[in-house]
Amino acid sequence: MALPDFYWVVAEISELKENYAGHCYLELVEKQADEVNVSARAKGIIWNKRYLFLKSFFENSTGETLREGLKILVKVKIEYHEIYGLSLVITDIDPSFTVGEMTLKRQMIIKRLEEEGVFSMNKELCFPAVPQRIAVISSKNAAGYSDFINHLKGNLPGYVFHTSLTESAMQGSETEKGIISALDKVSTNLNLFDLVVIIRGGGSQSDLSWFDNYNIAYYITQFPLPVITGIGHDKDMSVADMVAYKALKTPTAVADFLIDNMTITENHIVEMSVEIKELSRKIIEENRNRIEASKTALLPLARLMISDQKNTLTEKITEIVNVGKEYSFKSGITMANQKSRLYSAVKSFISDKNTIIQKVRLGLIDNTTDLLSRNSIRLEGSEKTLTILSPENVLRRGYTITSLNGKILKNSEELSINDHIVTRFIDGSVDSTVIEKKVRIDEKETIRQPDK
Amino acid sequence: MAKKEFSFNEAIAEIENILRNIENGDLDVDTLSVEVKRASELIKQCQKKLRSTEEEINGIFKDMD
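Protein chains in written order, with the numbering used here: chain A, 127 to 578; chain B, 237 to 301.
FYI, nobody ran anything at the bench for these hints, they're computed from the structure.
As the structure is a prediction and not an experimental result, all values here were calculated from the model.
Heads up, a few of these hints could be off.
Residues from chain B that face chain A, not an exhaustive set, calculated with beta carbons under 8 Å [unchecked claim]: (1) Phe244; (2) Ile248; (3) Ile254; (4) Val265; (5) Ala275; (6) Gln283; (7) Leu286.
Every residue gets a Cβ at the ideal spot worked out from N, C-alpha and C, and that includes glycine.
Here chain A stands alone, though its shape is the one from the complex:
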């Protein structure tokens, strides 16, 4: 059975090696629907001269190098070698098939992230005002990393940044694992960082498709800090770039972005500071003007008020004086009244009293006269009695008065024997000497009166 000279075959590269002579040996597989199990496998060879041509043709057309994991459409010739066995000698390649495959794969990743609702989650995070503490995910030896560090630390405004590098493969099949474990490591120290940057250097356009990776993209969307990428190139963006908070073309651009953000923040602060200063000055000025205006307005007002008060005061004084005058005038009248009333009262009192005195006087006179006349009558009677009782009259009636040494004797006790006594009669007297004295004499005999 005759075989055709060539076939167009679709296969996935599962292994690719170049040997010392520049020949390319590949393992081509066809995978089952699960994308893991292999359903067909074949050896492929690209001879060195052909390989040089196809390689650059493919790279120029797809932006990708021929590498494991890519799906390709190739024109093959079947050869059999006694030692090496059956192999497919590749003579041509259709890059547009790979581009389509890659695009399709990217689109499926994007669609899945969108369907899961996570696509823009990292973009929705709040970007720090001061992106100062930076977790860098890169490869230490990558030119891009040192560009980034030099550019960042040499920034003109003199801002200070701190960077902490977590290393990862930035291309090849280890990329997915490396990026994810680096993100994991950063996530254990989230409070130490303001953001994450994923950078790699130098325009290797071909390896971009390593970041068209669902797991890397998903990790970025779920990361709690903003992720900035600097892995892209001029033409295209990887899915990782699309879901990152911000995708920039180069590490240097990332550094500029961070410096710019610091500048924006500082300008904002300076502007606010200036504005606060100006507004405060304005407010103070306004207040000063208000005080001045009040002062200006106050003086005449105060004068007016004082003069008002003065007038009121004068009026009051006049009023008080008048009231006082009126009062004292009224009081004068009252006093005069009182005086005259008092005067007439006293007068009438005195006259009343006079009348009474007069009456008493008259009464007294009457009574006294009466009393005197009555007493005079009585006196006359007494005179008669007295006349009757006078010693001469008594002597005349026959009584005598006996005296011793000029002293009238009223009883015999006063006399002793041989006393010289004088007995007086109406017509003369007789001197006698006491011869005898009867000691106890009857009372009747002593006061015996000649009439009885």
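Mind docking chain B on chain A? Use the hints.
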């Protein structure tokens, strides 16, 4: 862990708030001086943070690794 960190965002928010109050004329002269003083302190702290020495920042990272 480090002591309570100066929060730049909070500081900015506070400065903005003070500025807004001043703009709206909500402050009397007494409060104004207090607020302006506070704002200038915050501004100073913010600017210090932007240019704080690397040693200061590196101190924060001691816990790592």
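Tell me, which hint numbers fail for this structure? Checked against the structure, no hint fails, so every one of them is satisfied.
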